[in-house]
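*Asks:* Using the hints, position chain G against chain P.
So the sequences go chain by chain: P and G.
Numbering follows numbering that gives the first Met the number 0, with no gaps: position 525 of the first sequence is 524.
Numbering follows numbering that gives the first Met the number 0, with no gaps: position 34 of the second sequence is 33.
Simulated from the structure, these hints should not be mistaken for lab results.
Where hints are given, some of them may not hold.
Copies of the same chain look alike in the list, so a pair counts if it fits in one copy or across any two.
Lysine to any residue pairs mimicking SDA-like chemistry, simulated, CA-CA at most 25 Å apart [what the hints assert, rightly or not]:
#1 Lys56 x Thr293
#2 Lys544 x Arg157
#3 Lys23 x Pro646
#4 Lys56 x Trp79
#5 Lys608 x Arg530
#6 Lys608 x Glu165
Number of protein chains: 2
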Amino acid sequence: MSEITRDIRHVESYTVIFQPGNVKVADVPAGETLLRAASRAELFLTSPCGGAGSCGKCLTRVTRGHVQADPHPSISQSDWESDIRLACASRIIGDVEVEIPVSSGLWAAGSVGERRLEGRSRGRLLDVAEWRLPRDLASDPPVKRVAVRLAPPTSDDRTSDASRLEAALRSQHQLGAVAVPLDALRTLPGMLRDGDWTLTATLRETGCGWEVVRVTPGLDAAPAVVAAIDVGTTTIWGELLDCASGAVIGSSATYNRQIQFGEDVISRMVRAQEPGGQARLRQAVMASIAEVLTEAEAQSGIPADRVEQVTVAGNTTMICLLLGIDTRYLRLEPYVPPLDRLAAVAVDGLGGTLPMAFGAKLESLPSVASYVGGDVVAGILASGMADRDEVGLYLDIGTNGEAVIGNREWLLAASCSAGPAFEGGGLRHGMRATSGAIEAFSLDPHSLEAAILTIGDLPPAGICGSGVIDAVSELLRAGILLPNGRFDLSVSAPGLRLVDGRGEYVIAEARYTASGEDIVLTEADVDNVVRAKGAMFAGVTALLKTLSLDWADLDRVYVAGGFGRHLRVEQAMSIGLFPEIEVDRFVFVGNGSLLGARMVALSRAMGAKAAVIAATVNNIEFSDSLLFQEEYVAALFLPHTDMSRFPEMERVLARSKGSR
Amino acid sequence: MSEITRDIRHVESYTVIFQPGNVKVADVPAGETLLRAASRAELFLTSPCGGAGSCGKCLTRVTRGHVQADPHPSISQSDWESDIRLACASRIIGDVEVEIPVSSGLWAAGSVGERRLEGRSRGRLLDVAEWRLPRDLASDPPVKRVAVRLAPPTSDDRTSDASRLEAALRSQHQLGAVAVPLDALRTLPGMLRDGDWTLTATLRETGCGWEVVRVTPGLDAAPAVVAAIDVGTTTIWGELLDCASGAVIGSSATYNRQIQFGEDVISRMVRAQEPGGQARLRQAVMASIAEVLTEAEAQSGIPADRVEQVTVAGNTTMICLLLGIDTRYLRLEPYVPPLDRLAAVAVDGLGGTLPMAFGAKLESLPSVASYVGGDVVAGILASGMADRDEVGLYLDIGTNGEAVIGNREWLLAASCSAGPAFEGGGLRHGMRATSGAIEAFSLDPHSLEAAILTIGDLPPAGICGSGVIDAVSELLRAGILLPNGRFDLSVSAPGLRLVDGRGEYVIAEARYTASGEDIVLTEADVDNVVRAKGAMFAGVTALLKTLSLDWADLDRVYVAGGFGRHLRVEQAMSIGLFPEIEVDRFVFVGNGSLLGARMVALSRAMGAKAAVIAATVNNIEFSDSLLFQEEYVAALFLPHTDMSRFPEMERVLARSKGSR
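Chain P with its partners taken away, still in its complex shape (with noise of 0.2 Å):
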């Protein structure tokens, strides 16, 4: 998730533009490879080993300035001197106008007309982290580091070691109430001795003032760390954050380790409540999180001891088996939750360890209801939906999707389970989105060719969310795979095949994928999908009908979600997921739950406005709604039972059907 942030810090970046048709990027940081450039145009080479520099077959020619690029045995010495480059092999070090030769095989250059690309992509969604994310997040840290010079104690003033300190912070750091506990008492009087009177003191925000939590001698510059995860129900993401800068400086994920328990919170909740079933998850959680911060902190090459704080979003089944409180009424009438929001706990009372600083709390974010968590409170903090007038749809599509419409008046809230589809889960070769994932598939519509993009430009090692979006929407623009989710064998093209009396097709050849084994896209993948994508847009739809709104009166779409930052929108359209409406109207959020945690993590203020966005929302319950169940069996279709829903896909797919 470390790729949002890219944007806070400043990277040099230049134009380049593609020939054949004069398009051209803007903004490319430096370092990118051309593939990647290209890709953000919408325009894919061939790249069946997902620019991994193996297959050779991305070949471009820079017509004007340079990129650093390595040669390859399929570059011969002529073509190289020709400046003929593997686009995956070349990274841009300024601006560049790049050819990509039609003769050479190469496919996509000729579709751009016919996607009618103008100005940014279409396809891509507008980032909001590029669009609204506040600047100066880090300038009310809950936990900061501050240094102090103390005046020494003489026989005219024997003030307390301890009021002698708060005394200085008080004055020097313009903070109020400051109180100095026991832990860091009990170091104070050797600390201020030690360091001839000055000293570096960590603060934590405590709702009721500051209190020192640690004291080291002399005086010390480093900021504080804390962290920030999305507690999902299939994937831990995990953050840890800079308190001064506001910088991600490590970033890690892992699976749910109680997906052993079950794949959805009922399951969990029924696990929970067996003889030891309640520490059972905790421990699970708490090793699954654990696991996520000490990946970052190899990373960031901060100690764990640094980490003072780490503020937790997750829906509420989450944090109450995280917390382990009793989970057993969340799901009986009336859906009542347990809690809506929480002071920092102590971690060292959560019945486990994480790899933190002595002393170290926990937070979590305030959640609305027995389905609507605090993870979907960090994700409109996150979209910024609840400081606007417009009307917005904040969708989060996980395992629990949940979806938002409202405004700074109002929101009401809905969740339905739509399974771990789009988080790589269920899938034969799913994975999350995370290094050697297929973030991108494109088809030549002509030749049926492949194009694959993975996260970190390495040999595939399996799918995520967007690249499984990716492959179901192009298969079914190709009419290689059928509206009902079956695929259609009498069509000739490469990768598909009959296996065990179901067709499957191969996104990417054992050859060049990690494992030396073919990644598929199975017709039980695809069933998946369907379930999820319709759960979504059904529970979108029974929203909207509850409050006699339409698709149309969305003025914004936020889209969260663990499927990899790769999400196209026209994709996600095709398919169902998303409706027909502009593509303009589209942000891209990412992680929305932990992009929300880290802004909570980083500001006291975030903090307030997420609890008042938890007492703003209003939660409606589609589990038993006939409504919600109409919708739903319609949408199990690619892209809709109702085709006059989508009327761009039925022209697709009509012009599908009579090509062949």
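*Replies:* Relative to the frame of chain P, chain G by itself:
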């Protein structure tokens, strides 16, 4: 110490008139023995068994009214029919008149005239509890237990369990901010439903609103229970308190197990600096506190898990050692304490266990300086001197003696090392002022026969502070003990004897004692008493001189200490512990540290007042003071080297010398 509180609870009381002399003693509580009632008027009856009912010598005759008496072999049938009764075995059940027959060998009545009894006995100290202790002390306790009824949730009201409880507490119990922390939250959902939406909550004031400590299903009227502890260098005193009524429901005391590491605070600090020393000292005091609480709990019948908070008062060293705070710098110039106040801390975090509720907290009274601790602040609070315009002296007579002079405007404190003699420490047969301790001693000035009273009217087990002051005074006044602290072996007195070349005096004969051995006062014991009283007297005198005041300028002297309730002002004047000023100026506080701790334990307002007192007190260091040293050396005599300061005692001694 529960005697102090007797007056808070309603007990029937009666008037007893003793003859000859028509000595009227009012307000004698029902059930008290005639022997005790007589001692209230300084009338002592021969009682070498201490009032335990074994010697059969304290014969009296009831001439009007009735007592509830036990027979004794020393009373014949005809004497019984003539209403002859043992004073120690006669309990008062109504107004009575009693004759103390001179003819039967009783001696005390003869001294009544001599001691010029008028109205209230000159020897008795006015009890601070009778005098000024607020009656409504428990009106704002920091811990309370309240019952609430909640409206069950419906599909129209899905407020979380925690918010529902908070709202009910706020509206039904006029509380401000209420929070439900994690520990309570974990059980809340089940408790709410088990109790059919009725609940009993234990609440604690955090300095930032109330928090729910614990919940139980159903409505329960039992009050919250807290504890108050005086952590003395020598003795740990403790009480269990009913937060609703303010009543003391159990009390106990034990020696501080830190004594094994040295008798005074300096040696404790030295030992704390050894490797592992701090932990050993902490464990020792924790074990002592645990013992006191366990005994108080057994007495009250309250289970340990009902005790929610403990308020401790102690000197700065004791509190630092208890909390595990480095004491290294306490004894270095400029004598700066590590802390002056501290928010309540979790008992769990103290490196030991106490028999208290899960999650129980410990709070300590604020200290003033290295050698003026929270025990003194507690005592000032208990005495009420900081509420008054008149100039008072607060005198805490303990191992660390403390003196504070001032009023509501200003307070100046000093401390001195007096040693443990007045707590029964360092004496051959010294003991704390608990059951079986000889708390009063009297000599017939003519026959030199002794009368003793023990706490609880039990066979004598040892001698406590008030008993030893009585004994030294009575022996001095009788000429048996000389002003230089040596026994005059030329005097013929029962009990005086030579052992290994040094004089000693038998206070209680072996046949009456609990151990079956003589209880004696040795010259070494007297030396310890002289040093202790000398340090206290010198400390106050030096403090007065610093302020250009004289003993006569003191409107009120508040006397605190663990010497026992039976301290007699005249006796303390005789030995030079107190100066010869009007007896009426003296007020008995008893264990001021414990009483102040009780007040803070029961009342948030008292906690706030303690903080104000701590901030008001200034401290003067006598450790290197020549003034103090001179006064100390001058006071190492009975009563003093400068007899012009003790004119009455000068007369008494001249007379006793002359009489021989």
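*Asks:* Could you run down the list of hints and mark each one as holding or not?
*Replies:* Status of the hints after comparison with the structure:
Neither within a single protomer nor between protomers do lysine 56 and threonine 293 lie at most 25 Å apart by alpha-carbon distance, with minima of 38 Å and 82 Å respectively. Taking CA atoms no more than 25 Å apart as the test, lysine 544 paired with arginine 157 passes between copies only; the shortest distance there is 22 Å, against 71 Å inside one copy. When the C-alpha separation of lysine 23 and proline 646 is checked against a cutoff of 25 Å, the pair qualifies neither within a copy, at 30 Å, nor between copies, at 110 Å. In this assembly of identical chains, lysine 56 and tryptophan 79 lie within 25 Å of each other by CA distance solely inside one copy; the values are 14 Å within and 125 Å between copies.
Taking CA atoms no more than 25 Å apart as the test, lysine 608 paired with arginine 530 passes in neither setting, with 34 Å inside one copy and 66 Å between copies. Proximity of lysine 608 and glutamate 165 under a CA criterion of 25 Å is satisfied inter-copy only: 21 Å between copies versus 29 Å inside one chain copy.
Going down the numbered hints, you'll see the structure goes against 1, 3 and 5, while the others check out.
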